[in-house]
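K.L.:
Chains as they are written, first to last, in the numbering used here: chain V, 1 to 259; chain C, 260 to 943; chain Y, 944 to 1121.
Hint data in this document are derived by calculation from the structure and do not stem from the laboratory.
The C-beta atom is built at its ideal place from N, Cα and C for all residues, glycine as well.
Hints are not guaranteed to be accurate.
Claimed, not checked - Output of the computed footprint for chain Y on chain V, the stretches with three or more beta carbons under 8 angstroms from beta carbons of chain Y:
(1) 95-107
(2) 142-151
(3) 167-173
Stated by the list, open to error - Selected chain C positions facing chain Y (in silico; Cβ < 10 angstroms):
(4) 270
(5) 276
(6) 444
(7) 447
(8) 760
(9) 888
To be verified - Below 20 angstroms or equal to it, Euclidean Cα-Cα: the simulated SDA-like pairs (lysine to any residue) are:
(10) C:306 - Y:1007
(11) V:68 - C:383
(12) Y:987 - Y:1007
(13) V:65 - C:564
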Amino acid sequence: MSGLMQIHHEFKVRWGMVIDIDKCTGCGACVVACQAENNIPPATKPFDRLRTVHWLIIYKLTNGKTGKDYDEAYLPRPCMQCENPLCASVCPVVATTKDEEGGIVSQIYPRCIGCRYCMAACPYHARVFNWYDPVWPEGMEKSLTPFVSTRPRGVVEKCTFCHHRFQRAKEKARAEGKDPLDLEEDAYQPACAEACPTGAIYFGNLNNPKHKVAQLIKSKYAFRLLEKLGTEPQVYYISRRKWVREQADNEIKHQKQKG
Amino acid sequence: MAFHRRDFIKFVVGGAVGSLFTPIPWKLADDISIWSQNWPWIPRIPKGEIIKKSSVVKLGNTPYGIFVNLVGKRPCTISGNEKHPLSLGGIDPLGASSCALMYSPSRVKNAKLKDKNGKFRDISIDRAKEILMLKLKASQSKKDSILFVSGDDTSSCNEIFSALISLLGSKLYFYEPSDRQKYFKAWYDLLNGSGETGFDIENSDLLLVAGCNFLDNWGTYVRNQKLFGKNNVKIYFVGPYKNNTSVVSKKSVLISERDIYKFLFAIVSYLTRISNNLSPIYGIEDFTEFLAYKYNPLLVAKEIGCSVSDIKEIAIALKKAKSPLVIAGSTTNGSGDIKNILAALILNIFLDRINKKGGIRCIPNPPQIISSSIPHTEILKNDLIDLIKSKKISKVKTAIFYETNPFYSLPKEIRAGLVNIPFKICFSPFMNETAKQCDLIIPSPYFLEKLDDCFTPFGSGVANYSVADKIVDSNIPNPADLFIDIGKKLGINLGISSFSDIVKTKSEYFGVSINKLKQGYVWTDNTNEIPYGLKIWDKTLEDIFSSDNSNKKNGLELIPISISKVGSDLVGLYPFALDVIYEDEIGGKYSIAYINPTTAQNYHLNENDLVKIKTESGEIRAKIKINSGVISGAVAILTGFGRDIDDVFNKDIGENVSDLFSLKRDEKTGSFYWSPTNVNVSKI
Amino acid sequence: MNKKKKSGLTPFFFGFLTALVIGWWIFPNIIFSKQEQPFNFSHKAHVEQLGDCSACHYFRDDGSYNGVPSLESCAACHSEAITGAPDEKLFVEKYVKKNREVPWKIYQKQPDNVYFSHIAHKKYACKTCHPDVGNSDTLPPYFENKITGYSKYTMKMYQCERCHAKNNASNACYICHK
């Protein structure tokens, strides 16, 4: 643990994700499902970082060896929904804060002034900026979903763990007379977790011992990205391969490990 | 009293101070900020009730069941259908974008007729129907003058189409050449099996995947992925390139696609030595002898460039597993040699996996509702490439392509054979390469816009039947209904009144109510045919495996890779495809060619070099990327790019790898394959 | 000697008063434009016929609120003109026959990024936030803000926040935004 001031939020519900890298085939269904669900305009040029907006991105990791020892892995990266969000602490207009009901870091588009301090602060590069107005090719705006508002030029956006599904799950729980903050595991799953064909993405309440994610994070193979920064992300990864786990943090070679 | 300037200034100042005590400045500021957040050119989102309806994705890749979420009457997202045996709740990237794809700019909205200058003119559907009827009528007098290529081998519409053309005197009904045909030929013709091969992955605990991208583009790949995730199946991968399957495999061995059958036989050879009791199947003694003579593991390992320990490890794993299964396929559907598929099936027979839990199941053939239709197995036996290479193709005057795209995905030789047909008609939802080559384009409704059904796609474990109802209103008629109408006008009675009639009859045949099927229920049946005449070895097979066409390599080997996220042959790059295709997968308007460090050294190539890749059929340009996951002496390129579709997602992105395909015939089996082994790479 | 009468602070007060008058009386009137609903709908008559509000305004199975009823539910009874009312005739001819949804102007129209869950507020009476139309024969006039395009009665964020704070409900951003 670093010397950063640790603010531990005691929320009743902490939505978290566990991604099993040994199951991710890199098919891309999660990214496409995310784009479709969250009204993200489709990219019209391959990998144009200036114009493409994507909340979830899949990184390809390699172990740097050649020949028979060569190995690769895919790592999907949503917003980490950190417990100590660096982005929320720098926003001058409080367009992004850590929500208490669930621990999702919220991003409010009308309030965002587009200064991009949060993008500079985020160590995971999870935030995207709308450099241009979103364009849907003619006719395709008919496939917009009612779940997420469309963003104009000049605002920052990022993965929200499909919190609109959380809102709808709470409504359903209320309609059925259940406690909206004590949801079942399959009542609220983000679009990426639902689409993943191999089931590599697990999602649930980290505080609820009945949810699978709460059990998976106790595994010795579970790790988080850039743990040394003390951001305490709510997205965990699992891999039984040591070289994958080692890539999660910036290790300086031959550095003496303390503790 | 005179009104001086100073008074006026005092008045104005008073007004300004006074306005601070009124709502004006605050309300104006608030309203202007809201006005600036509501620009009219940013689209508004719909509001309404969310309804879930069931459907079956049919976009050129494998069909599977989904739920469509509609807001009001418009589909907006896709959810998985957990109870559907072909998807088990999973979705693939193409399916996830199907709501947006429906509005793609490349949709065919009107029927089109090509005029003398080669340009398309919009015509009415009725006029198109007339022209189609005239062409069909003209072919009545000449035998075998209509050719029909169907891109959907699971739908009942094949019965209607094949019935009409067979009653008009033509038996030339084909599916697009694929691995399914190779499996059928290997299983039915060469091994004397019965029914079609089904793969009981649900109960399997170990999979040996040979060559194909099992988890991303082979068979019922959505189901494959779900089962892999749920059951934690161990996968061993053998193939020329590290793909989406090998990345999650327990072990992957990289060998050339040409040598896969040798690896599999080396495994059998090893197993014959360490097991005592061999199943008493026809030909086993001859087989064991042959293996000992030709496929000694040490010799094979030396020849194909892997280690003996790899062969031994996989062989022992297969022996120890309770229900192993060996699955072979081409890296791109249809492009590989049938020998690999044969060898995999033989290995399955050796391991006694036929009609056993977690093994190969013999799925019975589909029922035939229209008596005059060409049965599914007959169509599978018909080889389109055989026809094009023979003299019979010159007799064909009319060709009809139904939701298939041979002018993009098949080798140039086949395209050249098809393009000379005098009149070509295409039924397609999208204005793709085949549509552009045809003389008459009739729009085919999108899968959400029509009633359709699906019987046991290739790769299924058991026989299954699902129905997708019409969810979105559209005035595009179902091509099957068009054919029934034309049949009536020509005085041919097919015995059914409409497409929904045949779907209803089929559902009654299976004993399920049509409404239940339309709501997402799937009929399944796990009865298996018994392959009484199944053999593991005979003289023909010995002949086939004695010849070796992998020797003379005077160039690099081409590995065409198919992945699901580039869309399908029929559709092209779907709206969100460019969000998931990254820098190392496409080089702008160039494709990316992967070579490994050794090959790079031998050919003096560096990362990001622009090269020309040439075979006798054609050439493409690509950028080099060094990738250790490719075998030496080979260049791997992703297929699915270089589309000739006029929309912003497809234009000028990559090049078409099928231009490089060179058609070859395996003399002993008569099966065609087209991954070339004499690729020339030179720097530009 | 000519003594100029100093006007003093009179113009200032005049200006002050004028600003107050414009700000409080004239400005609120000119910033809103009055618009008519597509046709008049009598809630009173329908309440007499159908009895309960929930006949047309109800919670669906998944907890969402249907809001203003769709054309389908109105056409269930009004597929043809059943009373002699001229408004009903207009409705049947212009909307039912042409299968067009009625473009009602919503008094509480909220922007796209606002998410309001009716079922979470079930314990409050409808008229806490909405005009009490249940007993009236006519629909209240609709005033539209000329700059923003929203209704005069659209609730602002501070009104939601205030009530949330008073009732110990969470004021986290994603409770109400999407």
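K.L.:
Hint by hint, say whether it matches the structure.
P.N.:
Going down the list of hints, with the structure as the test:
1. Requiring three or more residues with a Cβ within less than 8 angstroms of a Cβ of chain Y, the coverage given for the stretch 95-107 of chain V holds, as 7 such residues are present.
2. Given a C-beta distance limit of less than 8 angstroms, the hint that chain Y covers the stretch 142-151 of chain V holds, as 4 residues qualify and 3 suffice.
3. Counting residues of the stretch 167-173 of chain V whose beta-carbon sits less than 8 angstroms from any beta-carbon of chain Y gives 6, enough to reach three: the coverage restraint holds.
4. With its C-beta approaching chain Y no nearer than about 4 angstroms, residue 270 (chain C) sits inside the 10 angstroms limit, and its interface hint holds.
5. Evaluation of the residue 276 (chain C) hint against chain Y yields a held restraint, the C-beta minimum of about 6 angstroms falling below 10 angstroms.
6. For residue 444 (chain C), the shortest C-beta to C-beta distance to chain Y is roughly 50 angstroms, which exceeds 10 angstroms, and the interface hint is violated.
7. For residue 447 (chain C), the interface hint is violated, since its Cβ never comes within 10 angstroms of a Cβ in chain Y; the closest pair sits about 49 angstroms apart.
8. Taking 10 angstroms as the C-beta contact cut-off toward chain Y, the hint placing residue 760 (chain C) at the interface is violated, the least distance being around 28 angstroms.
9. At a threshold of 10 angstroms, the smallest CB-CB gap from residue 888 (chain C) to chain Y is about 42 angstroms, leaving the interface hint violated.
10. The hinted pair formed by residue 306 (chain C) and residue 1007 (chain Y) meets the criterion: a straight-line CA distance of about 11 angstroms does not exceed 20 angstroms.
11. At most 20 angstroms may separate the alpha-carbon atoms for a hinted pair to count; residue 68 (chain V) and residue 383 (chain C) exceed this at roughly 60 angstroms.
12. A distance of roughly 25 angstroms separates the Cα atoms of residue 987 (chain Y) and residue 1007 (chain Y); the hinted pair therefore is violated under the 20 angstroms criterion.
13. With a C-alpha separation of about 19 angstroms, the suggested pair residue 65 (chain V) and residue 564 (chain C) falls inside the 20 angstroms cut-off, and the hint holds.
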